[in-house]
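Novice: Read left to right, the sequence shown gives residues 1 to 327 (the UniProt record's numbering).
These are calculated hints, taken from the structure and not from any lab test. Do not rely on the hints blindly, as some may be mistaken.
Unchecked claim - Think about it this way: if two alpha-carbon atoms lie no more than 30 Å apart in a straight line, the pair counts; the simulated DSSO-like pairs of lysine-lysine are:
#1 153 - 263
#2 79 - 2
#3 190 - 268
#4 153 - 285
#5 282 - 153
#6 323 - 4
#7 263 - 282
#8 323 - 263
#9 282 - 268
#10 2 - 122
#11 122 - 268
#12 285 - 323
#13 153 - 79
#14 282 - 190
#15 2 - 153
#16 153 - 122
#17 263 - 285
#18 122 - 79
#19 263 - 122
#20 2 - 323
#21 122 - 4
#22 190 - 79
#23 323 - 268
#24 122 - 323
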Amino acid sequence: MKIKAGIVGGAGYTAGELLRILLHHEFVELGGIVSSSNADNPIYQVHDDLVGDTELRFAAALQGDEDVVFLCLGHGNSKAWLTQNPLPETTHVIDLSNDFRLEADAEFEGREFVYGLPELNKSRIQQAQNIANPGCFATAIQLALLPLAQAGKLQDDVHVSAITGSTGAGQSLSETVHFSWRTNNVSIYKPFTHQHLSEIGESLARLLQHELDVDIHFIPYRGNFTRGIFASVYTPSDLTQDEARALYHQFYQDAPFTTVSDKEVHLKQVVNTNKCLLHVQKLGKQLLITSVIDNLVKGASGQAVQNMNLIFGLPETTGLGLKAGLF
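Just need the whole structure built from these sequences, with the hints factored in.
Specialist: Rendered as structure tokens:
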């Protein structure tokens, strides 16, 4: 039996990635692909990587019988859309914005949103009606820290430097995504204040079973490439390198998309895939965890499909056997 899936905000980057994945998902039938600015236009005119894959067209509204609706709207717009377009209680909602990620925002007009990080909340996701999909930086950084938090080994301040591709800024034009500005260039933005810090703190506190009492010092960088996040996360630790690696291997032994590598990792290993690769090493007193993901797949649309699979009782890897373009 097919899962009928609709997408709202169908013209953006995350929607394009969802379409790329869902068109080849054996248990999914696509319903309405909503884009108010592109209604009736062929999808491949906007997402031209899908030329030859589909003749579907954008619509002005959902078809109304979707089993699951993915909201690929800008931050702050999902609440407004749900208010103006109430869905049946039986329709699952997977939101890719930051509107429902924090505990204070998890309930909205009778819907309860579960934070959709499978490596943290798998059992809750399987029972969920609605999902708040994690942020891309938040995904990479949390996966680097969850094993330490669960083991009670997150005992000192954490420092994070992470660089993301231009697609992390979305499709809207701005100075810092302009080719002539971005190419051959690197810059920081929102130092120590990035919005993903709040959801990271809540997840770690849930594992620690008390309020997070260490600071996370996060410097995000804009990179001169299009896709991917490379995060260096380090904190003082009394674990040896072997102890730390054993801890990470054990924590992620049943996580099909998160792998602890004995070799140093790099972005090309994960771009276009739903993987997170981690590398753990002890350098002096510091434990360094390197985390790499594709910001549009594991950091957004691929993780959303992973959550959909869990909700509908499918193996979470279904439709996500994606290969990296290594060379």
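Novice: Are the hints correct? Go through all of them and say.
Specialist: Verification of the hints:
| no. | hint | in the structure |
| --- | --- | --- |
| 1 | 153 - 263 | holds (23 Å) |
| 2 | 79 - 2 | holds (28 Å) |
| 3 | 190 - 268 | holds (26 Å) |
| 4 | 153 - 285 | holds (13 Å) |
| 5 | 282 - 153 | holds (14 Å) |
| 6 | 323 - 4 | holds (25 Å) |
| 7 | 263 - 282 | holds (13 Å) |
| 8 | 323 - 263 | holds (19 Å) |
| 9 | 282 - 268 | holds (24 Å) |
| 10 | 2 - 122 | holds (22 Å) |
| 11 | 122 - 268 | holds (27 Å) |
| 12 | 285 - 323 | violated (36 Å) |
| 13 | 153 - 79 | violated (37 Å) |
| 14 | 282 - 190 | holds (28 Å) |
| 15 | 2 - 153 | violated (44 Å) |
| 16 | 153 - 122 | holds (22 Å) |
| 17 | 263 - 285 | holds (20 Å) |
| 18 | 122 - 79 | holds (25 Å) |
| 19 | 263 - 122 | holds (28 Å) |
| 20 | 2 - 323 | holds (25 Å) |
| 21 | 122 - 4 | holds (22 Å) |
| 22 | 190 - 79 | holds (24 Å) |
| 23 | 323 - 268 | holds (10 Å) |
| 24 | 122 - 323 | holds (24 Å) |
In the structure shown, a violation is registered for the earlier hints numbered 12, 13, 15, in ascending order.
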